[in-house]
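Student: Going down the list, the protein sequences come from chains A and B. Note that the UniProt record's numbering gives residue 134 to position 134 of the first sequence, counting from 1, and the numbers run on in steps of one. Note that the UniProt record's numbering gives residue 207 to position 207 of the second sequence, counting from 1, and the numbers run on in steps of one.
Among the hints, a few may not be true.
Here chain A is said to cover these stretches of chain B; the calculated rule only asks that three of the stretch's residues, wherever they fall, bring their Cβ under 8 angstroms from a Cβ of chain A [as the list claims (entries may be wrong)]: (1) 46-55; (2) 58-72; (3) 121-134; (4) 244-251.
Restraint-style ranges between C-beta atoms, simulated for each label pair [as the list claims (entries may be wrong)]: (5) B:Gln257 to A:Val11: 51 to 59 angstroms; (6) B:Arg18 to A:Asp199: 50 to 58 angstroms; (7) A:Asp219 to B:Ser42: 49 to 57 angstroms; (8) B:Lys15 to A:Asp199: 31 to 39 angstroms.
Since the hints were derived computationally from the structure, they do not count as laboratory data. Glycine residues also receive a C-beta, built at the ideal position from the N, C-alpha and C atoms.
There are 2 protein chains.
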Amino acid sequence: MTFTSRTPRVVAARKLQRRRDRDQSGRFLAEGPQAVREALASGVVVELFATADAIEKHADLAAHAPVVSVVDDEALAGLADTVQPQGLVAVCEQVDVSLTDALAKRPRLVAVVAEIRDPGNAGTVLRTADAAGAGAVIFAGDAVDPYNGKCVRASAGSLFHVDVVRTPLDVVTPLREAGLQVLATSGYGADDLDTLADDGVLRQPTAWLFGSEAHGLPDDLLDGADRQVRVPIYGGAESLNLAAAAAVCLYSSARAQR
Amino acid sequence: MTFTSRTPRVVAARKLQRRRDRDQSGRFLAEGPQAVREALASGVVVELFATADAIEKHADLAAHAPVVSVVDDEALAGLADTVQPQGLVAVCEQVDVSLTDALAKRPRLVAVVAEIRDPGNAGTVLRTADAAGAGAVIFAGDAVDPYNGKCVRASAGSLFHVDVVRTPLDVVTPLREAGLQVLATSGYGADDLDTLADDGVLRQPTAWLFGSEAHGLPDDLLDGADRQVRVPIYGGAESLNLAAAAAVCLYSSARAQR
Chain A
1 MTFTSRTPRV
11 VAARKLQRRR
21 DRDQSGRFLA
31 EGPQAVREAL
41 ASGVVVELFA
51 TADAIEKHAD
61 LAAHAPVVSV
71 VDDEALAGLA
81 DTVQPQGLVA
91 VCEQVDVSLT
101 DALAKRPRLV
111 AVVAEIRDPG
121 NAGTVLRTAD
131 AAGAGAVIFA
141 GDAVDPYNGK
151 CVRASAGSLF
161 HVDVVRTPLD
171 VVTPLREAGL
181 QVLATSGYGA
191 DDLDTLADDG
201 VLRQPTAWLF
211 GSEAHGLPDD
221 LLDGADRQVR
231 VPIYGGAESL
241 NLAAAAAVCL
251 YSSARAQR
Chain B
1 MTFTSRTPRV
11 VAARKLQRRR
21 DRDQSGRFLA
31 EGPQAVREAL
41 ASGVVVELFA
51 TADAIEKHAD
61 LAAHAPVVSV
71 VDDEALAGLA
81 DTVQPQGLVA
91 VCEQVDVSLT
101 DALAKRPRLV
111 AVVAEIRDPG
121 NAGTVLRTAD
131 AAGAGAVIFA
141 GDAVDPYNGK
151 CVRASAGSLF
161 HVDVVRTPLD
171 VVTPLREAGL
181 QVLATSGYGA
191 DDLDTLADDG
201 VLRQPTAWLF
211 GSEAHGLPDD
221 LLDGADRQVR
231 VPIYGGAESL
241 NLAAAAAVCL
251 YSSARAQR
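Modelling step: build the complete structure from the supplied sequences, incorporating the hints.
Tutor: Rendered as structure tokens:
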């Protein structure tokens, strides 16, 4: 039996494109072979919607899903967020953990995105933090939903690799209590990233705080952090974009902590 | 007199949203106060289209434009690429220079984007390269047009700070002849970025080659480069996105060259 866009299970899954429905159900959508593979490996797939063609092409993935529902092209397009969803959309259980649980593992590198609204930026930071070996990425305050379709896609599977945490803004104290120095990024920071690297400061377990490009970090986080750090600008640019700044900071820490 | 979307000068300017018309005319559009300010400082503005409100708000910019044409909201919206263009769109002369001219200045850091199609990615690399102190950014082969609206916006003014070059793909020899070591980025590179930094290799004048996320660098560039370099992956991610990888590589060079 092939489901159509009117089949109740498809209609219900499609609602997960809205944050309210994700929040209420504790589920989200992951689309495309890469994300579906990572979701399956994490054991969070509830149901895999796939076209007949995609099941044939990705038989290995279909074989590992607890439930596979065949959908027609229209139903799949309605579930997917992209123009070319490659035939696969999985309903997944949300994977985030509590701040306490994430910090109990004593991660040596943590990224905090505070009040970041752009899902593509947040997903890219998630991917970069994972690549740099961070144990956790914390979405603090009124940040984008990590299960937003664009964020899931930009994370390129990293949503399933690192501990994702959603918390209120006041994260500095618990981070410090978990043995992490707290470094706030700011274009006007008193400390220069390269100098901190030279002085060995980055060898310590570190939580990096990143704010939105438009507004920077909230004052409470800037003031509460151990240091305010700027990425040096060697040329004519006024600043780096968020994803680039996060890449430079997180990789400086990763390099120092090797 | 207020121009409307049917005024011939507005109609002609709007055509610059198309690559063909940009290529033919040697002009492009820059929108929003930041880009317009940088374009004015570079002396490349031919005509500034602005709403009456924007002229009042940005009187300093209007005062420095050779020609200011007042347009109604509809005409401005038609010229702009974004939903909130903030009332200003400038017609500019293209700023790119020849490879020979750019290399004659003996830059110590150069970024090459080869066959990169995504304008947002290309613009972000331009901005990051500028921040890292690169002297030139080279768009090689069948790459995105640097004057694409999205690229101009993502560059956040850096299009006007660094030497932008458009060339065919065979850039390795001229780069090397200009005293630059040529480092090709690749997920499978034999050399690890951190090891190169430790060994002092990054202190030398360097041209970094970046390929598209989907296809990587063309074989000719990979094979022709002095080294193939991978950014180390410390966590579960398969790779970094292009902008993040470029940020890590360019800043590693900037740090080593201080």
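Student: Taking the hints in turn, state whether each one holds.
Tutor: To see whether the hints hold, each was checked on the structure:
1. 46-55: violated (count 0)
2. 58-72: Three-residue rule not met by the region 58-72 of chain B, so violated; n is 0.
3. 121-134: Coverage by chain A holds here, the residue count being 9 at a Cβ distance below 8 angstroms.
4. 244-251: With 6 residues close enough to chain A, the hint holds.
5. B:Gln257 to A:Val11: 51 to 59 angstroms: holds, 58 angstroms
6. B:Arg18 to A:Asp199: 50 to 58 angstroms: Holds: the Cβ-Cβ distance is about 52 angstroms, inside 50 to 58 angstroms.
7. A:Asp219 to B:Ser42: 49 to 57 angstroms: Distance hint for A:Asp219, B:Ser42 is violated at roughly 36 angstroms.
8. B:Lys15 to A:Asp199: 31 to 39 angstroms: Violated, at about 55 angstroms.
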